[in-house]
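Chains A and B supply the protein sequences, listed in that same order. Residue numbering for the first sequence is 1 to 333, as defined by the numbering used here. Residue numbering for the second sequence is 1 to 103, as defined by the numbering used here.
Take these hints with a grain of salt, some might be off.
Result set (DSSO-like, lysine-lysine): computed pairs, CA atoms no more than 27 Å apart in a straight line [claimed, not checked]: (1) A:Lys306 / A:Lys273; (2) A:Lys108 / B:Lys42; (3) A:Lys285 / A:Lys102; (4) B:Lys4 / A:Lys104.
These are computed hints drawn from the structure, not numbers from a lab. All figures in this text were calculated on a predicted structure; none of them were measured in a lab.
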Amino acid sequence: MDQLQFNQMNARLSVYETKLLQGAKFEQMLSATDAAAVIRLLAETEYGDVIEVGASPYEYERILEKELSRVYKMAYDLSPVKGMVDIFALNYDYHHLKVLTKEKLSGKDLNHLLLPITRTPIEQLRQAVFSMEGTGLDGTMAESVAAVFSYFEEYEDVQSIDVIYDRYYLRELRELADTMNDAGASHIVETMIDTINLSTLLRCMAQKKSIGFLNAVLSSYGGIEKQELIRLSALSYEDIARHFEASDYAELISEAVKEIGETGKMTHYDLLKDNFFMSYLKKAKFDVFGPRTLLAYLYAKETEIKNIRMILVGKINHLPEPFIRERMRESYV
Amino acid sequence: MYKKIGIVGDKDSILPFMALGLEVVAVTNEMEARIGIDRLAKEAYPVIFVTEPVAQMVPETIKRYDNVAIPGIILIPSNQGTLGIGKERIRENVEKAVGQNIL
Chain A
1 MDQLQFNQMN ARLSVYETKL LQGAKFEQML SATDAAAVIR LLAETEYGDV IEVGASPYEY
61 ERILEKELSR VYKMAYDLSP VKGMVDIFAL NYDYHHLKVL TKEKLSGKDL NHLLLPITRT
121 PIEQLRQAVF SMEGTGLDGT MAESVAAVFS YFEEYEDVQS IDVIYDRYYL RELRELADTM
181 NDAGASHIVE TMIDTINLST LLRCMAQKKS IGFLNAVLSS YGGIEKQELI RLSALSYEDI
241 ARHFEASDYA ELISEAVKEI GETGKMTHYD LLKDNFFMSY LKKAKFDVFG PRTLLAYLYA
301 KETEIKNIRM ILVGKINHLP EPFIRERMRE SYV
Chain B
1 MYKKIGIVGD KDSILPFMAL GLEVVAVTNE MEARIGIDRL AKEAYPVIFV TEPVAQMVPE
61 TIKRYDNVAI PGIILIPSNQ GTLGIGKERI RENVEKAVGQ NIL
């Protein structure tokens, strides 16, 4: 892929990056007395445009959704290659497919769970789901809808809806990266899938799931071979940690294994994973060429919104500050 | 006999009940609370759980249903802990029913 076509975008992104919330702002929000005060602090920032005067703190979901949709819209306008934004936006398409599928099966109105980020228009997705065959969609996504419904008709297992969609999501993610023909983007996607696979592996081991189950839930589109992961599942946690000692995942895995050893839980894995991914993408901060900065910016924004949501939910429920703080993700700036 | 159960309160306190099949009505202010409780009552939910903080917001609405058999409104603590008003109500009702406070 031509790396130079991203120059203009990168220049603009470095300006947008300066508008990301700084650590000091987060400190202020953390020490705010209540959620309304957090909203007031937010109104002074980039988020000011999406916060209406007199907005109730309970509307935080709407505020954050609006901001996220603004960011994606901007990213689509900015990127010379739309597929780059798709790498992150694809997630939302599959989220919508899950919601619409459940809407169809339960007969309930789940509109409030749909988000305003649409790579594929909602109506198109809705039609595909209601036909139960993926009509109107193409390739992997159409296949995913058909697969979900044929499996459901046979086994009536609601939980499998998410599992099947997730598998197709990871497959399409990899296909998307392959069509980009860009080493940076491919590596990012591989890392995303690897971290998800590793979490699945460790969780399945903790729950003593069968190899057949692992075979069904692991994705074969990551950097680490699926067969290798399945082979690893027979080892002890310590051996797995040793196995990855020389890889990029060394720290992530050893931390996770340590937690399992101490508490038997993986509560912190998601936090570790997010932080790992963030420090990985931070390396792209000074890229002048290529599309990586865009992916890093989108991830930075998603993380920022995640952190703000954490603070707001914490404040609304009167959780103590350290409790919120230990759940906050490392930020980009 | 199959009967539906409704629950009214702040989102973070009551959302888990959705997994149990309850009709969850998340409210954030007085107006929503009143509309929510009245809607469940109108749709013939025999039991409606209401979190204590929400009940405090709309005492008249709660009182209105005190004198009817259905729906039964039961106050439950929110995730902020109990305010004691739910228990107080049960105590009062028991006293009314048996003539003295036996709890």
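Comparing the hints with the structure gives:
no., hint, in the structure
1, A:Lys306 / A:Lys273, "holds, 14 Å"
2, A:Lys108 / B:Lys42, "holds, 19 Å"
3, A:Lys285 / A:Lys102, "violated, 39 Å"
4, B:Lys4 / A:Lys104, "holds, 22 Å"
Hint compliance for this structure: hint 3 is the single one not met.
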